[in-house]
Amino acid sequence: MLTIVFRAIIIYVVVLFLYRIMGKRQLGEMQPFELVLTLIIADLATIPMAEVSVPVLHGIIPLLTLVVLHFVLALLCKFSEKFSQFVSGKPVIVINPKGIDYKALKNLDISVDDVFEALRGSGYFKIEQVQYAIMETNGKMSVLPKSDFAPLTVQDMKLKVEKSTLPINIISEGKLSKENLKVAKLDELTVSNILKKAGAKRVKDVLLLTVDKAGEVYVQKYHQKYQTMKVKPLGEVEE
Amino acid sequence: MTKWLWFKLLAVLSILAVVIGMCVLEDRVVKTSLAAVNNRCYEIEAAIERNGGIVNGEVASLVDNLEYRWFKDEAGMCYLVNHKNTEQLGVEIVRLKTYIDEEEEIEFYVSLNIIKNYVETFQHFMGASVENIL
Numbered sequence: 001m002l003t004i005v006f007r008a009i010i011i012y013v014v015v016l017f018l019y020r021i022m023g024k025r026q027l028g029e030m031q032p033f034e035l036v037l038t039l040i041i042a043d044l045a046t047i048p049m050a051e052v053s054v055p056v057l058h059g060i061i062p063l064l065t066l067v068v069l070h071f072v073l074a075l076l077c078k079f080s081e082k083f084s085q086f087v088s089g090k091p092v093i094v095i096n097p098k099g100i101d102y103k104a105l106k107n108l109d110i111s112v113d114d115v116f117e118a119l120r121g122s123g124y125f126k127i128e129q130v131q132y133a134i135m136e137t138n139g140k141m142s143v144l145p146k147s148d149f150a151p152l153t154v155q156d157m158k159l160k161v162e163k164s165t166l167p168i169n170i171i172s173e174g175k176l177s178k179e180n181l182k183v184a185k186l187d188e189l190t191v192s193n194i195l196k197k198a199g200a201k202r203v204k205d206v207l208l209l210t211v212d213k214a215g216e217v218y219v220q221k222y223h224q225k226y227q228t229m230k231v232k233p234l235g236e237v238e239e
Numbered sequence: 001m002t003k004w005l006w007f008k009l010l011a012v013l014s015i016l017a018v019v020i021g022m023c024v025l026e027d028r029v030v031k032t033s034l035a036a037v038n039n040r041c042y043e044i045e046a047a048i049e050r051n052g053g054i055v056n057g058e059v060a061s062l063v064d065n066l067e068y069r070w071f072k073d074e075a076g077m078c079y080l081v082n083h084k085n086t087e088q089l090g091v092e093i094v095r096l097k098t099y100i101d102e103e104e105e106i107e108f109y110v111s112l113n114i115i116k117n118y119v120e121t122f123q124h125f126m127g128a129s130v131e132n133i134l
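Heads up: the protein sequence lines correspond to chains R and E, in order.
At position 124 of the first sequence the residue is numbered 124 (my numbering), and the sequence of numbers has no breaks.
At position 60 of the second sequence the residue is numbered 60 (my numbering), and the sequence of numbers has no breaks.
Derived from the structure by calculation, the hints contain no laboratory data.
Note that the coordinates shown come from a computational prediction; the quantities given were computed from them, not determined experimentally.
Do not take every clue at face value.
In silico DSS-like pairs for lysine-lysine, Cα to Cα no more than 25 angstroms straight-line [as the list claims (entries may be wrong)]:
#1 LYS3/E / LYS182/R
#2 LYS178/R / LYS160/R
#3 LYS78/R / LYS116/E
#4 LYS97/E / LYS78/R
If the Cβ cut is set under 7 angstroms, some of the chain E residues that face chain R in the computed set are [what the hints assert, rightly or not]:
#5 LEU10
#6 ILE15
#7 VAL19
#8 ILE20
#9 ALA75
#10 TYR79
#11 ASN82
#12 HIS83
The beta-carbon is built from N, C-alpha and C at its ideal position, and this holds for glycine as well.
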C-alpha cells in the first residue's frame, strides 16, 4: 500500500511539472491535439499507480515522450499555418449576414440547437441580433452582434471617463502582502491609517483591502459591510 | 525569446535526453543481465556433461552463482522492466536448486531450457522492433 502512496506522489509531481511545461492553455482553450494529449496523460498516469508490477518509469517515460511530441507539434504549428490548420482545423463562420450557414454546420457536425446554445452562452437569445458567429478551433463560438444590438460603450457616448486601473490586494483574509504594498507604492503606516479609519484593530480583522492606482480603497472587515475611501501615498487618508 | 520560453526549450531538450538515455539504459541493462544468465546456463550444461549428471558440487555451485547474479540483476531491472516479465525466470532458477536436491535430472533440463528459451525470446518480445511496435 505504501508503494502506491509513494507512486501516486511521484506521478502527481511529474504530471504537475509536465502541465506547467505545456502551459496554461492546456487547462482552458484546448486545441484537438491538446485534448488528445490530456486524455492520454490522464490514462497513462494511472497505470503505474494501480499496477505495482509496472515500474513507475513505464508511466513516466511515455508521458515525457508525449510532452516532447507536443512541444514539437506546437512549434510546427507556430511556423506553418497549413500544418496548424491540418492539426487544429480552422475557424468556421456558422452565421453570416444571410443567416445560418447550414453547409458549415453539416461540415462541423453540429446542429442548429448547438448554435443556439452557444449564442445564449454569449448573451444573445435571438439569432437576428447576430451579424457573425464563428466556431473557433477550440470549440468555442465567437459572436459579433449587429451594431443595433452591440452593447453601448463609453466611446459610443463620447464621454470622458477616468482610465480603469487594476486593484491591488493589500490584505487578503487577514494576511498583509508586503510585495503588493510595494507595487501600490504604499507603506505600513498608510495601511494602519486605513485600518484605523475602517475601525479595524489588526490586519487579522480584515477580510479584504484593495487599492487601485487612483487611490481608491476598498476595505472589508470579517462579517461586516465594506467601506470605501481615498488614500494618498504619504500615509494620509481622505474621506 | 523570453526567459520562460528558454526554460521551456531547455526542459523539453532535457526531457528528450532523459527519454533517449532511459531507452539506451534499459536496452543495455536487459541485454547484459540476460546475456549473463545465458552464459551461466551454457556453463551449467558444460558442467553436467563433464561430471555426467546434475548431482555434483560444480553444478550446484554454478546454479547458486546463477541465482545470486540473477537476483542481483533483477533488482536493477525492476526499475525498467515489468516485474511480471522477469518473475518466471526467477521461479525457474529457484526450481533448478530443488531439482538438484531431489535429483530430478529431466525436470532440471526442462527448467534450464525454459530459462534459455526465455532469455533468447525476451528480446524478441520486448525489444524495439517493427513487430513489437505495431
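Here's how the hints hold up against the structure:
1. LYS3/E / LYS182/R: Since the Cα atoms of LYS3/E and LYS182/R sit roughly 24 angstroms apart, the hinted pair holds (cutoff 25 angstroms).
2. LYS178/R / LYS160/R: violated, 34 angstroms
3. LYS78/R / LYS116/E: Between LYS78/R and LYS116/E the Cα gap is close to 52 angstroms, so the pair fails against 25 angstroms, i.e. violated.
4. LYS97/E / LYS78/R: Status violated; Cα separation ~63 angstroms.
5. LEU10: Hint violated; LEU10/E Cβ to chain R Cβ min 10 angstroms, cut 7 angstroms.
6. ILE15: Cβ of ILE15/E sits 5 angstroms from chain R, so the hint holds.
7. VAL19: Status holds, d = 5 angstroms.
8. ILE20: Given a least distance of 10 angstroms, the restraint on ILE20/E is violated.
9. ALA75: Result: violated, 12 angstroms to nearest chain R Cβ.
10. TYR79: holds, 6 angstroms
11. ASN82: holds, 6 angstroms
12. HIS83: holds, 4 angstroms
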